[in-house]
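Residue numbers (full-length UniProt numbering), protein chains in the order written: chain A, 1 to 327; chain B, 1 to 322; chain C, 1 to 723.
Quick caveat, the hints were computed from the structure, so don't treat them as lab data.
It cannot be assumed that every hint is accurate.
[Claimed, not checked] To give a feel for the contact side, a few chain A residues facing chain B, derived at Cβ under 7 Å:
#1 15
#2 79
#3 264
Beta carbons: idealized from backbone N, C-alpha and C, even for Gly.
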Amino acid sequence: MIKYILKRCFNYVIMLFIATSMTYFLASAFMDPRSNYMSRHPHPPIASINRSLDLANINDQTPVIVRYGRWLTGIVTRWNWGLSPEQSPINGAIAPRILASVQLVTVATVLSIIFGVSIGVYTAIRQYKWQDRTLNSIATFFLVIPTAVLGLVIVYLAVSMNNGIGQRIFYVTGLHSYSGGNPFAWFLDLLQHLVLPTIVMTIPGTVSYHLTQRTYLLDTMNADYVRTARAKGLPLNKAIRRHALRTSLIPTAVDVAFSIASIFTGAVITETVFAINGLGSYFVQAIGDNDINGSVAIAAFGGVCTLTGALLADIFSAWLDPRIRLS
Amino acid sequence: MSTAAMIPTGLPADPDSAPNSGVDPNTDKPRSDFKRTGRMTLYVRRFFRRPSAVVGLVMLVILLFFALVGSHLTKWAYDQPDFTALSDPPSADHWLGTTTGGSDMYALIIRGLGRSLSIGFISSIAITIIAAFIGTAIAYFEGAVEKVGMWLLDMLLVVPSFLLIALIISGSTGGNDWIWLIFGLTAFGWVGYARTLRTLTLSLREREYIKAAKYMGVPAFRIILRHLIPNLGSVLVINTVLGVVSAVNSETALSFLGLGIKAPDTSLGTLLNNGQSIILTAPWVLLFPSIVLILLTFSVQLIGDGLRDAIDPYSRSAGKAE
Amino acid sequence: MSNAMEATTDRSAFRSTTPSAVTAAPAAPHAATSHEGEAPVLSVRDLNVSFASEAGTVRAVRGMNFDLYRGKTLGIVGESGSGKSVTSMSIMGLLDSNAHVEGSITWHGEELLTKNDLAMSKIRGKGIAMVFQDPLSALTPVFSIGDQIKESLVIHNPHMGERQIRDRSIELLELVGIPEPEERLKSFPYQFSGGMRQRVMIAMAIANDPDVIIADEPTTALDVTIQAQVLDVLKKAQQETGAAVIFITHDLGVIAGIADDIIVMYTGRPVESAPVDDIFAHPAMPYTMGLLGAVPRSDRERSGRLVPIPGSPTNLVDLPKGCPFADRCPLAIDICRQREPNLEAIPGRPGQFAACHRAGEIVEKGLTFSDVYQVSEGVTSKFAGVAREDRAVALDVQGLVKTFPLTAGGFLRRKIGEVHAVDGVNLEIREGETLALVGESGSGKSTTLSEIMSFTKPQAGSVTIFDTPVDDHVARAKRRELRGMVQYIFQDPMSSLDPRLPIYDILAEPLRAQHKSREEIRVRIEELMTLVELNPDQVDRFPTQFSGGQRQRIAIARALAVSPKLLLLDEPVSALDVSIQAGVINLLEDLQNKLGIAYLFVAHNLSVVRHISNRIAVMYLGRIVESGSTAEVFLHPKHPYTQALLSAVPVPDPAIERRRARTVLQGELPSPSETFTGCPFAGRCPLFVSLSKEAQQRCLNERPGLTARADTDPDHLAACHWV
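Construct the complete structure from the given sequences, taking the supplied hints into account.
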């Protein structure tokens, strides 16, 4: 089992390395930091532009493979992810933002899995009954709403509510506004800020886990071994819960791993809507600034998130499935 | 052929069925002891049995109608602002109001709807084609090809595709950015789907008709094209339809962030971006594009669900015994 | 008596039957005969089950009646779609929710059909237990065997202590013959073979001493040697619990050995019922006769052509007005097409009931199978009169070896051993003859076939097709020519024909691969359809529009398209219903005789093999252990494995089944990754245990070669030191 996990880890590190390197080449090919300077009127002297670009190791006149070599050396030897076109270090910009994003993403992911899987199981057992139909319609509706629309609608409702009550219950921008020393007030303030973005990020996750978990369970519900369990004397509901559920959780675990990427996407939009200074908004800014090093660093972080999810899925399915665990 | 089975000599029992030249599909006599319903009829019947699917279809047809001819119904064009009416609420003149810059919301939405629809459908179809070929080929060739192929697919999924699409289209400028968007959505959107199709092909490739074709010496490409892909047909149709929803959503997200369609062109996501800052002063700028977006994605989703139920043999929409 | 029968089985009376009417009338066939005074454990009255489907209502079971008594076994026989499994599932209350059930099922007088799922679950597993067909999917993959047995116990005995549970579980596993039960409790289903899993299923079924055990095709998915073991376990379980057993099967041989009474079902209806000896000795319903007559027998020498029941089973949606068998029945007269006959007692045959308008006549005149069905004339072989030695060798396989690497999970997947799937196999087939390759699953039969079909140089040994040795350097054109000479027929025509292609395209595929012109293809397809006795006008239909037998004919036509000289047939009739099988076997024989094709016929059904093949090769763990002419090997099997294999085949004759002393092989096929210096069969060999120490050493250390004994037929070879 430990050997299996180690093997997966090793594989993931190689994957991450290649994926990040590819992103670096892609970003270098498509992003044009020189245009930042050339679009100014009048543009600075070419020599000084080249100097600034060279300093950040993003000069398109240097062969890309050379730049890649320097970039990689910097990361491997000094854990230095490079400079933005404005010469500010990427490391310093990213570190604090990761905290904000991870906070948001983790809470939302955990909540979506809990709600989504529970509702999925609940509806699968009641297939085609009114509870199933109602919840499915609601889920289908929320599934298709773009995150941006959902976020903006919730902001609109919250602001209207605040106005209606005449008191600020929900904050729609940032993560903190309390600056006192009372830890209780600090926590309450955090909650007031966190609740809306978390809702926006939890809903899409919940409905998609709900629908997929329902499908997986329906697939395994008709399996021969569930029939065997019923023939042994388990009532239908118990047979499903004991025998079908466990096997149906394995594909869900894999889904969770691969949906980390989409949660990240959701975070980008949510952070924009709620003006949260996280990785998402940093990414939008980096793209706008033609910040090659910054974008690649974020892509690498996204990759780490995906692979962490994948590893958790591996562990979880090995725990659920003896065929993986024992071989 | 109940009589023929008795005749051992290998000659047809029925003189009518003796070799005649040519094969005419119209001489097909229905077997008296066999009652069947054509597959297509069955699908259509089951699809229309679902009210939600029909509602979705009607909604989509209406949206398509507006996207195609809607721009001729108004005197305003999306790129010609009316400077006499800035931030006007909906009125008889500007049906859905105007933006802060005086652009007619109706004209903008029609334009944006057209963009969203074309981006959604084109990229979804392109994704299906690429994913179908790569997914089935990886599964078909088995062995080393499959191992390496799967590893590569997994590797391509490591970095969230959303970020990569944003990278690619960051350099594009207004006008051709929607083409870049389609390119980006397609180039990075097929991977996960190909992975799913490969899983589905795993059971298909063990079917004996695939082996039979191999044993007959049919070339690999032909087997993929004639046997594997057609037998995934229903899955491909359903997922192409549902893929439209996710393509529209991705487009909206990118444009909303200012990374997708940029002025002077417009899309529903771009309109949301415009409306975001004036949510309280001019809510119609946000409201109407949102409604159209929801109608669009919801109708396509309903159609997709309807198709799934109609095509899926395990569907229990068969009804109760009398 | 017959009036009472009529009252309850009359279709107009279905819905009005009341329990009192049932108890008043001895409606169930067996009530009157052997169980006077004893109350049945289970009674089924006027059971009708229908399902909704797109095409209409499927009437899966119509008018099923029977009584089940303690310690007795009721066999329900029928082909697919006859309603036998639906009957068992309605007793268990496990039908899908779209099923509509009418009638009455009482267990110790308690009505079961009105019970809800919760009430039924108290009875399931305790009063009535069930063993399902496919042991591979019937056990939950993620729970250990111990947990699953424990569950069966705990559900009905919530207060059982850990110790008790463990003791009882071990006791149960010992009862069903699983070695080292204590260790095995911790194993997971994937670590068990099919036969072992079926034993576990039986252990779970008898865990709570049920008084009814329903076994639904419990041995169909198993090899014949394992089938014999499992049937023994089932009999033992019945003795142990004293339960009544409902044994559902399509296999007349199996039922002959295990059942006391038999009900034959056709299109959802019981058409004949009688004590087992009567059914086999003098069936009264033409369908039963056809079923019994259409199967070849492994215990008799080939006596001529098989006689198929014409046509294919009727669709359950659109049942005809009269007898559903009328269309296929050689004796059908007008009344048969007008009115459906009731299951009625046959005068002068106590205990025997038949649903046939002409049953009386049949019994009176003593009509038998050969009177009812006409035996047709076969085709004389193209090579009749040509000595075997004078015919060309179609396929010559010498010392064929195929190994699969066995890898260990690790970073580099290093190779830790080899699986010898095919280990030095020699085969020779001449024109116009059939060589049967038999053996249990895992013996390497299919690998041998796919090695021949791969047209690449084997790892070791040689494959020669009509004097052309196959190796990697064969030119493209030559390889195509070889492909044209050798074709393949698969087991399941459902799966070997692409459902998305019309028949025309399916038949055109091999011709296109041979670069034939459009015109050639068109002409050839028409010939082919005629050749396999199908209507050429139907080429625009899709495979699903044909019945199983017709589909296999299409598959045969496809294989013949390029006029091959050699056909490899992988279980070509085992997926077909018994009544259809005979027709396809006859077709294969006729085609061989007419076209002079050589067949390499892989099958596990030894009765079919005995009927169709001229020569036979018995495979065990990748090696040929015995070969020779079919007649000789069946009459005088030399190798202990062949002897055991033949003795395990059930014979559709209850009298013979009761007398037979069966060599039941111990254990299962060892894992192919094991390596043997000596004889691989030694571990299971019934002869081995009777040998002296020195002799045993020889078996273990020296690999026996395939040799003939000096004093017998030089063609009959066996790989055993002691024959």
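To see whether the hints hold, each was checked on the structure:
Given hint, residue 15/A at the interface with chain B, holds; its Cβ is 5 Å from that chain's nearest Cβ, closer than 7 Å. Interface hint at residue 79/A: violated, since its Cβ lies 20 Å from the closest Cβ of chain B, which is beyond the 7 Å cut-off. Because the beta carbon of residue 264/A sits about 5 Å from the nearest beta carbon in chain B, less than 7 Å, this interface hint is met.
Checked against the numbered hints listed earlier, the structure breaks hint 2 alone; every other hint is satisfied.
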